[in-house]
Amino acid sequence: MKFLNCFVVIIFLLPQLLFSQVEDTKAQKILDETYTKIQSYKTLKIDFTYIMENSTKNTRNENKGSITIKGNKYVLSLDDQIIYCDGTTKWTYFVNDNEVQINSVNADDELLPNYILLADYKKDHYPKFIRELPKNNKVINVIDLVPKTSKSYYKIRLEIDNNTKLLTSASVYNKDNNTFTYVIDKLTPNINVADSYFVFNVSEHPDVVVNDMR
1021 MKFLNCFVVI
1031 IFLLPQLLFS
1041 QVEDTKAQKI
1051 LDETYTKIQS
1061 YKTLKIDFTY
1071 IMENSTKNTR
1081 NENKGSITIK
1091 GNKYVLSLDD
1101 QIIYCDGTTK
1111 WTYFVNDNEV
1121 QINSVNADDE
1131 LLPNYILLAD
1141 YKKDHYPKFI
1151 RELPKNNKVI
1161 NVIDLVPKTS
1171 KSYYKIRLEI
1181 DNNTKLLTSA
1191 SVYNKDNNTF
1201 TYVIDKLTPN
1211 INVADSYFVF
1221 NVSEHPDVVV
1231 NDMR
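Just so we're aligned: 1147 in my numbering is position 127 of the sequence shown, and the numbers increase by one with no gaps anywhere.
Since the hints were made in silico from the structure, they are not lab data. Check the hints yourself; a few may be wrong.
[Claimed, not checked] Taking lysine-lysine and the PhoX-like style, the derived pairs with C-alpha atoms no more than 20 Å apart in a straight line are: (1) Lys-1090 / Lys-1206; (2) Lys-1171 / Lys-1057; (3) Lys-1175 / Lys-1143; (4) Lys-1148 / Lys-1185; (5) Lys-1175 / Lys-1046; (6) Lys-1057 / Lys-1206; (7) Lys-1057 / Lys-1090; (8) Lys-1206 / Lys-1158; (9) Lys-1065 / Lys-1090; (10) Lys-1158 / Lys-1185; (11) Lys-1049 / Lys-1143; (12) Lys-1057 / Lys-1046; (13) Lys-1049 / Lys-1077; (14) Lys-1143 / Lys-1046; (15) Lys-1148 / Lys-1171; (16) Lys-1084 / Lys-1206; (17) Lys-1148 / Lys-1046; (18) Lys-1168 / Lys-1148; (19) Lys-1175 / Lys-1065; (20) Lys-1206 / Lys-1185; (21) Lys-1062 / Lys-1206; (22) Lys-1062 / Lys-1185; (23) Lys-1168 / Lys-1195; (24) Lys-1046 / Lys-1158; (25) Lys-1093 / Lys-1065; (26) Lys-1195 / Lys-1175; (27) Lys-1195 / Lys-1171; (28) Lys-1155 / Lys-1185; (29) Lys-1046 / Lys-1090.
Sequences and hints are given; from them, build the entire structure.
Quick look at the structure:
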């Protein structure tokens, strides 16, 4: 569920980076092109499929979700949860329980939007170009992001359309054999959305239970 709170990954700042002391110029060029294209959008709405797999237990769970991003703000909907974030405060609304938890934003937890936006990828990861992959009549660039410091995951695998320069999927490989994958089904840029959309409105949810964890 931490990875839900984070797609909440797959773009805000990018410093210089080396991979194994040798600059992976191909991976960096592709990621920079993707970053530049996404940064040109004022807003972004993504419909995605979320897949959680465990290779040891041979389990697989799949759900549909969506995320709307505007700068450092986002709304993420998945399962029975809707997460609202205005860049400072995060509201996690549990639809079935009519309960909302309020927390201050912790940048370390916002993995999902960062995967999508490639936020700080050069700061925290070594990029490595893996291969070109023919897929669904497209050429896909496969790039791994390997964390510079010890994390709960050992790599993030990105798949980027060679033609559109947009992310098509992001997979997080955990050390506990869990893999979290976000497959982008539809991407809609520059939708009209007000800042108030990213704030949970208590008045619109009668009898909601509010737990302020700040």
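To see whether the hints hold, each was checked on the structure:
1. A distance of roughly 17 Å separates the Cα atoms of Lys-1090 and Lys-1206; the hinted pair therefore holds under the 20 Å criterion.
2. Straight-line distance between C-alpha atoms of Lys-1171 and Lys-1057 comes to about 28 Å, which puts the hinted pair past the 20 Å bound.
3. For a cut-off of 20 Å, the pair hint linking Lys-1175 to Lys-1143 stands: about 15 Å separates their Cα positions.
4. Between the alpha carbons of Lys-1148 and Lys-1185 the distance comes to roughly 17 Å, so the proposed pair stays at or under 20 Å and holds.
5. Of the supplied pair hints, the one linking Lys-1175 and Lys-1046 holds, its CA atoms being roughly 18 Å apart against a limit of 20 Å.
6. Between Lys-1057 and Lys-1206, the direct Cα distance comes to roughly 16 Å. Compliance with the 20 Å bound is thereby established for this hinted pair.
7. Taking the CA atoms of Lys-1057 and Lys-1090, the gap is about 15 Å. The hint holds against a cut of 20 Å.
8. Taking the CA atoms of Lys-1206 and Lys-1158, the gap is about 16 Å. The hint holds against a cut of 20 Å.
9. At roughly 9 Å between alpha-carbon atoms, Lys-1065 and Lys-1090 fall within 20 Å of each other, so this suggested pair holds.
10. A threshold of 20 Å between alpha carbons decides the hint, and for Lys-1158 with Lys-1185 the separation of about 12 Å falls inside it, so the pair holds.
11. The straight-line distance between the Cα atoms of Lys-1049 and Lys-1143 is roughly 16 Å, inside the 20 Å bound, and the hint therefore holds.
12. For the hint linking Lys-1057 to Lys-1046, the alpha-carbon distance of about 17 Å falls within 20 Å, and the restraint holds.
13. A C-alpha spacing of about 38 Å is found between Lys-1049 and Lys-1077, which places the hinted pair above 20 Å, so the restraint is violated.
14. As the CA atoms of Lys-1143 and Lys-1046 are separated by approximately 17 Å, the hinted pair is consistent with the 20 Å bound.
15. Our distance criterion of 20 Å between C-alpha atoms is met by Lys-1148 and Lys-1171, whose separation comes to about 18 Å.
16. At roughly 11 Å between alpha-carbon atoms, Lys-1084 and Lys-1206 fall within 20 Å of each other, so this suggested pair holds.
17. With a C-alpha separation of about 8 Å, the suggested pairing of Lys-1148 with Lys-1046 holds against the 20 Å cut-off.
18. Only pairs whose Cα atoms come within 20 Å are accepted, and Lys-1168 paired with Lys-1148 is accepted, the gap being roughly 12 Å.
19. Using a Cα cut-off of 20 Å, the hinted pair Lys-1175 and Lys-1065 is violated, with the two alpha carbons roughly 25 Å apart.
20. For the proposed pair Lys-1206 and Lys-1185, the alpha carbon gap of about 14 Å is at most 20 Å, so the pair holds.
21. Among the hinted pairs, Lys-1062 with Lys-1206 is consistent with the structure: their alpha-carbon atoms are about 17 Å apart, no more than 20 Å.
22. Straight-line distance between C-alpha atoms of Lys-1062 and Lys-1185 comes to about 17 Å, which keeps the hinted pair within the 20 Å bound.
23. The suggested pairing of Lys-1168 with Lys-1195 holds, with an alpha-carbon distance near 15 Å, which does not exceed 20 Å.
24. Under the criterion of a C-alpha separation no larger than 20 Å, the hint pairing Lys-1046 with Lys-1158 is consistent with the structure, at around 19 Å.
25. Straight-line distance between C-alpha atoms of Lys-1093 and Lys-1065 comes to about 12 Å, which keeps the hinted pair within the 20 Å bound.
26. Restraint check for Lys-1195 and Lys-1175: satisfied, since their Cα atoms lie roughly 9 Å apart, inside the 20 Å limit.
27. A hinted pair counts as satisfied when its Cα atoms are at most 20 Å apart, and Lys-1195 with Lys-1171 qualifies at roughly 9 Å.
28. Between Lys-1155 and Lys-1185 the CA atoms are separated by roughly 15 Å; this keeps the pair inside 20 Å, and the hint holds.
29. Taking the CA atoms of Lys-1046 and Lys-1090, the gap is about 29 Å. The hint is violated against a cut of 20 Å.
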